[in-house]
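**Q** Please build the complex by placing chains B and C on the supplied structure of chain A, with the hints as guidance.
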Amino acid sequence: MTLIRQTSPHTRKASSTQAIMLNVLIALIPGLLVSVYFFGWGVLINLVWASLVAVGCEALIIKLRKRPIRFFLQDYTAVVTAALLALAIPPSAPWWLTLIGTSFAIIIGKHLYGGMGQNLFNPAMLGYVLLLVSFPLEMSAWLPALGVREGQGVLDLIASIQLFAGNMPVSSLDAMTMATPLDIFRENTSLTIEELWATNPVFSDWAGKGWQWVSLAYMLGGCWLLYKRVFTWHAPAGMLLMLGVMATLFYGGEGSDSHGSPLFHWLSGATMLGAFFIITDPVTSATSNKGRFIFGAGIGALTYIIRTWGGYPDGVAFAVLLMNMAAPTIDYYTQPRTYGHKKPNRGLAKPD
Amino acid sequence: MEIIVYAILALLTLALIFGAILGFASVRFKVEGDPLVDQINALLPQTQCGQCGYPGCRPYAEAIADGDVINKCPPGGESTIASLADLLDVEPMPLDEAHGEEKPRTVAYIREDECIGCTKCIQACPVDAILGAAKQMHTVIANECTGCDLCVEPCPVDCIEMRPIEVTTKTWSWELPPAPVKLIATDAGRGHAA
Amino acid sequence: MTRKTWPLTGGIHPPENKHQSTQLPIKIAALPDKVVLPLSQHIGAPAEPIVAVGDYVLTGQCIARANGFVSAPVHASVSGTVTNIGPMAVPHASGMFEPCIEIQSDGLDQWVALKTNEDYASLSTEALLETIQQAGITGLGGAGFPTAVKLAARAESAIKTLIINGTECEPYITADDMLMRERADQIISGIQILQHLVKPTECLLGVEDNKPEAIVALKKAAKNTTIEIVVFPTKYPSGGEKQLIQILTGKEVPSGSLPADIGILCQNVGTAAAIHDAVILGKPLISRITTVTGEALQQPGNFEVRLGTPVDFLLEQASLHSEHLGRLVMGGPMMGFTLQSLAVPIIKTTNCLIAATQTELPPASPAQSCIRCGHCAEACPVSLLPQQLFWFAQGKEYAQLQHHNLFDCIECGACAYVCPSHIPLVQYYRGAKGIIRQQELMQQKAAQSKQRFEARQDRLAKETAAKEAKRKANAEKAARLKAAAAEKAASDQQPKQEIQAALERAKAKKAPNKSKPQLTAEQKELKIQLAMVSAQLKKLQRNIEQSESTPDVKQQEDLDRLQQQQQSLETALAAATPNDSNQAAPPVEKATTSNSKENASSGPDLKVLQIKLAQAKAALKKAERAYAAAAENNAADQDALQATIAGKQVALAEAEQALAKAKTSTEAPSPSKEAASKKPKKPPLDEKTKTLKIQVAMAKAQLRKLNKLAEHADTAPPKEEIEASEKALSEAESALAEHQQQPSSSLADA
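Residue numbers (the numbering used here), protein chains in the order written: chain A, 1 to 352; chain B, 1 to 194; chain C, 1 to 750.
One chain only, chain A, in its complex shape (with noise of 0.2 Å):
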């Protein structure tokens, strides 16, 4: 028995990143179930290949980085990236379409950053914007929500599958697919809220038919990590407050003018998800507490304002690849105050 010297603390907690991301591919369990019920298998069949994707980019880009392979696929962060994406991007998306995408959040948007822990950006949300900028025709092509088109269950197995492999012309894929509840409710200039509710069956009790039930699936999701404590309820609170204030501010009323009520934005889209889980992604959200609260906030606000005044239905990418931005911004003015100083300090030691 050899005694060595070996830095305090001599006992740690029983936690590890692998038990993180694994609690994160849990929560996402009930949103996944949910949309697999409103929107096919579709939905499966991405996650399913994009965490293959995933696993197998991030394994070569470890090997040529030459870094122990085994050691570093072990903390599932490449698989929480992938679900994140395949969440994300529409179920009758063809395998090239995740492909690209998967393929460039991890190689592009977070190896060559230098790896885990590094990335600027949300690496699944630098996939997604890639393919929504390059490819808009396939990420717009959602299909309707079950119980939207009378009479119609989701598309069957096959039918998903020939949908992936990309055998499905594109003409019965037009016919197939549909506007999102957000994208109908952008364009619409000339019915009021109740007429459009009443004449469109993508709509119903607050928002967009199965849409509103996969975000709250994802809340549910996303409070049960709360609970564990994976992350703290400021970036989600933050968003989510500052959508809620943004919408009503601009609210508009119940007329053809309206932007939403609320409820609408929280419950429509990517709201939910990103709140709970993209926002929450430490690595490029900000430091301190009060500086994940403004982090999320600012996504809140650019997420209305995109979703209200921009040229995209949704915003949620938009907002978090610039807050991500922003993000070290925040932190050189959100340091905590430390115990025993007055004030808290501000940026760094020496400016710039």
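Hints should not be assumed to be uniformly reliable.
What the hints assert, rightly or not - Simulated restraints on C-beta separations: (1) B:L11 <-> C:F407: 55 to 61 Å; (2) B:A142 <-> A:K228: 54 to 60 Å; (3) B:I4 <-> A:L137: 52 to 58 Å; (4) B:E78 <-> C:A343: 37 to 43 Å; (5) B:E101 <-> C:D106: 53 to 59 Å; (6) C:G256 <-> B:D113: 43 to 49 Å.
Stated by the list, open to error - Just a sample of chain B residues kept apart from chain C, beta carbon distances all over 10 Å, derived: (7) M1; (8) K30; (9) L36; (10) Q51; (11) G53; (12) A63; (13) A65; (14) K72; (15) I110; (16) K120; (17) G132; (18) D149.
No lab work stands behind these hints, which were simulated from the structure alone. Note that the structure is a prediction, hence the values are computed from the model and not measured. Don't be surprised by glycine CBs; every beta carbon is placed ideally from N, CA and C.
**A** Using the frame of chain A, we list chains B and C on its own:
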């Protein structure tokens, strides 16, 4: 034609006005900073060893300010070069081996029973850190010694040696851990096993 | 009614692992065979030994006294013989050695006489502080700051709140818990002494709620006192001084200040008990209660152990399974340090020993990348951003580290405990702190060196300036003196001249003709020389002028002399030989012999001349002796020189000139001109001797070089070479000797 003349005149007038404003501002709001030489000198280790080829740190600081290279200071080593590069906004460069290697700091020690009291080392010491008189034994004030080596050469009986500064429990400190990747047991390709 | 407490910022809940060591009451550890007492068991200067090897000491006897203000004495913890004073392994993270005193126990445990003090209230503050100081009491909680110093420092700021720390928040440690359970009365008594000393308005004893038995015992003991027992929720690191102050008072100790600055004094319960022992019982601090726990022990528990007891001796009493021992920690698992040797002693600050198995405290798993999850920031009790600090420490950005308040980090380890990536955060902070401290020291030293260097430069400049000024002043002074002397001489001349004149008159009357011819011959030469030295000439001229104005009787002589002088000047001019003082001097001397009166009258300058003369005389004599022989030699030389224009030796134009002079002098060997001819002879002579001397010197140098080479190099130069050079040297030397002898022999011929 006329229009060109007007244009030129207008631009000239503008140039004069803005020039005047800028000139006034540069005089009125002039920032008095430390002269560059002082700033450079503050970064040098002040061992006054002369390994850079100048008779002390300040002369070297003056030389740097006049455009000499920043990698001639072995006692300062990489950190001094880095901070100088930062100050002067130039690329850091490796230490010029011609001027010596970066060594741990040492302190001169006189083997007192061998000292003949010639005072030669006292005259050589750039910081007056050697105590003694003619025909009397000399001794080094260890706290004041910069470890510059300059006293070793003049000693006619070679009774001065440079000793590394000893680490005690009071000065000992934990080292920064090695880079994380080296902690990985499976990272055998790098020859590091945890 | 319970007192309001404030929540701790951050903090963690590590598994307590305290029950293992609280099963049994405090045991008195056996007396060790030997104790090792480090001289530095406290913060501050090490104590100074006052015993020598071989001394017999009693238990409780002071063996090292406090050295300076912030220091504490050390007492023998057993009776026995001092066997060693010197560096020994001490409990320190570095595993280094420090000066210690080793005592071999005689097993008798004979105590010094103890001075008990039932009525401490009658003692003055100073006497009480002195008692505490002399007992060697330091903070027993962990840091080990000398208690008396801490108590005495309150003078500037009155203490409003006295806080007694019974928190013991680290896992495993139960020493204070057991002390509070079993010796609550002692603690309360000690606190009362502290209250008497600092006179606070309130006294709070803070205990975490995981020690119910201790709380009961304390509450019972503290009945009818003003000590308030405050219980608050368990959370690590509530026991940190600053953290406890925050919990109990809601106040924060400003960064860089002491609790005393906000009117608070903190003491550990163990320290309070030690104060009771020291003041009431008169016992110095020679033992403490230490928790000995860990899964590698069969019987963990708390021991009252003598300071200096070796760790292995103590572990033995808790039945150590040394084969299971994986990690040995002194202190708690959060902030303690690992021991690398079992031979180190228990010291005043040792509150716990954990002999852990591999599974209990497993080695750290490899660090992963930081994912900036922020769990560390949540756990940090001082609201730092550990992930940012880690980032900067990795990048060695020390300015940023300081800006992010690295030095407010208390190294509690909460951040590293929660880190999911297993990053050794605390080590990063410790390492960075060490480097920053080192850099600050270097900067201080650089500033100091710069100051000293500049001071030296200044001094040297001043010294040179002073020397220069002194030289100038001296030159001026000399010039002034000269001028003054000249004036004085001029003014003195008259009376002296009169006397002289009178004397000369008498002389002239006696032998007017005898002296003259002799004078003329000698004086001629004198005047030639005087003509060459302008100053002398002028003076003489002035003298002559003055002598002209002297009485008539004397004038005749003076006129004669003047004439002679003029003549001599002319001949001198005609000869136009360059002159030097040496050459000028001899005739002066001759003049003095012949014309001593006049020379005597020329005042202080004469003295200089006389000295010069004496010097010249010697030189001249030498030259005289050398002359004749040299003349012959030179003639030959000269022929040779003239024949071979490419003269390779030192005979240059100067030599030729000198030789020419020598020739002229040899051509006219009249006795009267002998002296004159001797002068020019000197240069050629010099030339000759010089060359010879140079040859000798060169030969010597060569020989020395060869000898040196022979000494240093293994490949010694051939012996022949040395011998050859030796020969050359002896030849050159003999040549020189011969050459120097020649003049004397040839002098006879002349």
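**Q** For G53 of chain B, is the shortest CB-to-CB distance to chain C above 10 Å, so the non-interface label stands?
**A** 17 Å, holds
**Q** Is G132 of chain B truly not at the interface, in the sense that its beta carbon sits beyond 10 Å from all beta carbons of chain C?
**A** Given a closest Cβ separation of 16 Å, the condition holds.
**Q** I4 of chain B and L137 of chain A, beta-carbon distance inside 52 to 58 Å?
**A** Cβ of I4 of chain B to Cβ of L137 of chain A: about 54 Å, so the range 52 to 58 Å holds.
**Q** For Q51 of chain B, which was marked as not at the interface, is the minimum beta-carbon distance to chain C over 10 Å?
**A** Correct as stated: the minimum Cβ-Cβ distance to chain C is 15 Å, above 10 Å.
**Q** Taking 55 to 61 Å as the hint, is the beta-carbon distance of L11 of chain B and F407 of chain C inside that range?
**A** Given range 55 to 61 Å: holds, Cβ gap about 57 Å.
**Q** Is it the case that I110 of chain B keeps its Cβ farther than 10 Å from each residue Cβ in chain C?
**A** The claim stands: I110 of chain B keeps its Cβ more than 10 Å from every Cβ of chain C (closest is about 18 Å).
**Q** Test the statement that L36 of chain B is away from the interface with chain C: the closest C-beta pair must be farther apart than 10 Å.
**A** Its Cβ never comes within 10 Å of chain C, the nearest being 16 Å, so this holds.
**Q** Say whether it holds or is violated: K120 of chain B keeps its Cβ farther than 10 Å from all Cβ of chain C.
**A** 16 Å, holds
**Q** In terms of Cβ atoms, is chain C entirely out of 10 Å range of D149 of chain B?
**A** 14 Å, holds
**Q** Quick one: are E78 of chain B and A343 of chain C within 37 to 43 Å, going by C-beta?
**A** At roughly 39 Å between Cβ atoms, A343 of chain C and E78 of chain B fall inside 37 to 43 Å, so the hint holds.
**Q** If we take the beta carbon of A65 of chain B, is the closest beta carbon in chain C still more than 10 Å away?
**A** 16 Å, holds
**Q** A63 of chain B clear of chain C by more than 10 Å, beta carbon to beta carbon?
**A** For A63 of chain B, whose nearest Cβ neighbour in chain C is about 16 Å away, the distance exceeds 10 Å, so it holds.
In this structure, none of the earlier numbered hints is contradicted; all agree with it.
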